[in-house]
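Trainee: Protein chains in written order, with the working numbering: chain G, 1 to 321; chain R, 1 to 332.
Please note: incorrect hints may appear among the correct ones.
[What the hints assert, rightly or not] Which bits of chain R does chain G cover? Going by a derived footprint, with three or more residues having C-beta under 8 Å, they are: (1) 152 to 163; (2) 188 to 199; (3) 217 to 227; (4) 257 to 265.
In case anyone wonders, no lab produced these hints; they're calculated from the structure. Note that beta-carbon positions come from the ideal geometry of N, C-alpha and C, so glycine has one too.
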Amino acid sequence: MAEKILYIKNLKKYFPLKNNQVVKAVDGVDLELHEGETLGLVGESGSGKSTIAYVLVGMYEATDGDIIYKGDNIAKTGLNRTLKQRGEIQIVFQDPGSSLNSKRIVEKSLMVPLSIHTKMSKADMKKRSRDLLEEVGLPAEFADKYPRTLGGGERQLISVARALATNPSLVILDEPTSALDVSVQAKVISKLIDLQKELQLAYLFITHDLSLMRNVADRVAILYLGRLCEQAPAADFFQKPLHPYTQMLLSSIPVLTAEEEKMKPAKVLSIGEIPSPVNVPPGCAFHLRCRYKKPICMKERPAMKGVSPGHFVCCHLFNDN
Amino acid sequence: MEKVDIARKDTILEVKDLSVSFDVYGRISHVLDGIIFKVRKGERVGLVGESGCGKTTTLKAVLNVLPKNAIIDRGEVLFEGQNVFRMKDDHLAAMRRTGAGMIFQDPSSALNPVFSIEKQFITALKYAKPKNTSTKELYDIAVEALNNVMLPDADRIMKSFPFQLSGGMKQRVCIAMTIAAGRQLLLADEPGTSLDVTIQDQILRLINKLVLDNHLSVIMVAHSLGVIRESTSYVNIMYAGTVVESGETADVFHNPKHPYTVALMSCVPKLTGKGIAKGIPGRVPNYMVPPKGCRFSPRCPYAKEICKTEKPPHAEICPGHWVSCYFANEVI
Chain G
1 MAEKILYIKN
11 LKKYFPLKNN
21 QVVKAVDGVD
31 LELHEGETLG
41 LVGESGSGKS
51 TIAYVLVGMY
61 EATDGDIIYK
71 GDNIAKTGLN
81 RTLKQRGEIQ
91 IVFQDPGSSL
101 NSKRIVEKSL
111 MVPLSIHTKM
121 SKADMKKRSR
131 DLLEEVGLPA
141 EFADKYPRTL
151 GGGERQLISV
161 ARALATNPSL
171 VILDEPTSAL
181 DVSVQAKVIS
191 KLIDLQKELQ
201 LAYLFITHDL
211 SLMRNVADRV
221 AILYLGRLCE
231 QAPAADFFQK
241 PLHPYTQMLL
251 SSIPVLTAEE
261 EKMKPAKVLS
271 IGEIPSPVNV
281 PPGCAFHLRC
291 RYKKPICMKE
301 RPAMKGVSPG
311 HFVCCHLFND
321 N
Chain R
1 MEKVDIARKD
11 TILEVKDLSV
21 SFDVYGRISH
31 VLDGIIFKVR
41 KGERVGLVGE
51 SGCGKTTTLK
61 AVLNVLPKNA
71 IIDRGEVLFE
81 GQNVFRMKDD
91 HLAAMRRTGA
101 GMIFQDPSSA
111 LNPVFSIEKQ
121 FITALKYAKP
131 KNTSTKELYD
141 IAVEALNNVM
151 LPDADRIMKS
161 FPFQLSGGMK
171 QRVCIAMTIA
181 AGRQLLLADE
191 PGTSLDVTIQ
201 DQILRLINKL
211 VLDNHLSVIM
221 VAHSLGVIRE
231 STSYVNIMYA
241 GTVVESGETA
251 DVFHNPKHPY
261 TVALMSCVPK
271 LTGKGIAKGI
281 PGRVPNYMVP
291 PKGCRFSPRC
301 PYAKEICKTE
311 KPPHAEICPG
321 HWVSCYFANE
331 VI
């Protein structure tokens, strides 16, 4: 197995509100990531996916817990990390239209990380930014263009190029293709997969699209109200989903072929909505929507339990045997 | 058996050779080019295509609410046999109040944030119901409509403001408002796209149930092929302002014929996990100077000389399956 580069233990991020209430956006998450691996993080809106990403890149400080990245604990550093640590973990945001500066030509956007992280001369930076564009499969002429003159997929690839400027080993992809059409999404994803192989990148791939996850992730983790429900290798995960929430998610996906229809667990009709993270239900956070709930689910929070190698589930149904 | 059934149903909406362009500061953008489809009573028709292919423009044309700079080059939209572009104002208003209604993609912006649901709902109903209906009766109709969309505790919802409701609840309120007016045709413009997948599933199931129970018709617009497959009986695949393929949903998905449909389907990530396609080369054409012949020809791997110069007809290649491609039967 490749070297473990990231280890998240019992990560918590709370946001206090004015009226003494607390939003528990992330409430005790354990994850690990190996070199060159893609970990898919799936959840509905409000489940805390992006909060985890922002804590990892240092935009937020964790409330509690540890993030061990290559031996250093970076949970509480916020943006006060060493330059190297900042360069090692990069992020690509969902909407390239707003994450690229519309008043800057592409080259200038790409030169910002270079000027901070390297001691290159201006001419070298110009050359490097063109090389970066070619690395992500775009023509070097794009360097002189403004983002608005480019298509959505091209803009997203520029965001990827900018993330690669610091030679990171972990790239966080926060819904990188959900603003794009499927034909463009396919182009961006296949490029991302090529880049991963070429540069030995580890991806933390955040998405709500499970069909996409099936095709890009090595392992999948499901998040619900700031807690993990299930974590498993991708193939295993889609063949035998265990957590009732995972089953509901899978059976809600609209699919294209009869073959895929067979992969869905017997129709678990989706009911209810994700509760507010201010009032997380006691016990298992999912029990309000669960059809298998038992009295214990309302009182006690279930623990993560391994059911087969690499496959963990957090549900009372699997705690007994 | 189903085919005979559909054939007997009468047509509620017919769009014939609709071409719409826009005057953008003196330059003409040719967006829709010969849109053609029919909606029969009780039928669920899908319009599917990527962003910018003219799905929403088509819906706007159906309600005749195109922006001022739109030019209708040719074609007509017949709602219950009447051309909406020729209707008198009061007739048109009546058609919008009680005939066809839209369900929008984003329920947060479809509802007015400063009025309670009760106020908005009753105002909407006031115009749709006979003049002498009392406010109490309107309130009861609204509550019943909210119950029909599976919103429990309708009285509380009526008193709420939109920001107090979740996305799924707001969308249910919008659906209730559209149906309570007694409309026969729903224009659902990406009704689940802004919602989570489990909530989208609930909303689509709800629309299907309401349509089947009340014998309504619906035009379901979506960019997701999966949504269309699961919630329509007839589908029109659109590309760059043209309908490239149409037919019964099961048929089209099982046996796609147009090169664009085939390419699009291969781009959708599958649950079976067989990897990701490379995408469709090229870009959607510039509507200011659209390709002369088939609009997909610049990106089509099978394009021949004729595709570049002459627009292919929307031809029936086997019973009930229409394709706009010269080589539909040869290449695939």
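Trainee: Evaluate each hint against the coordinates.
Mentor: Quick rundown of the hints versus the structure:
Given as covered by chain G, the segment 152 to 163 of chain R fails the check, having 0 residues with a CB less than 8 Å from a CB of that chain where 3 are the minimum. Interface restraint, the segment 188 to 199 of chain R with chain G: holds (4 residues with C-beta to C-beta distance below 8 Å; minimum three). Restraint check on the segment 217 to 227 of chain R versus chain G: 5 residues with Cβ-Cβ distances below 8 Å, three needed, restraint holds. Check on the segment 257 to 265 of chain R: 3 of its residues sit with their Cβ under 8 Å from a Cβ of chain G, so the three-residue criterion for coverage holds.
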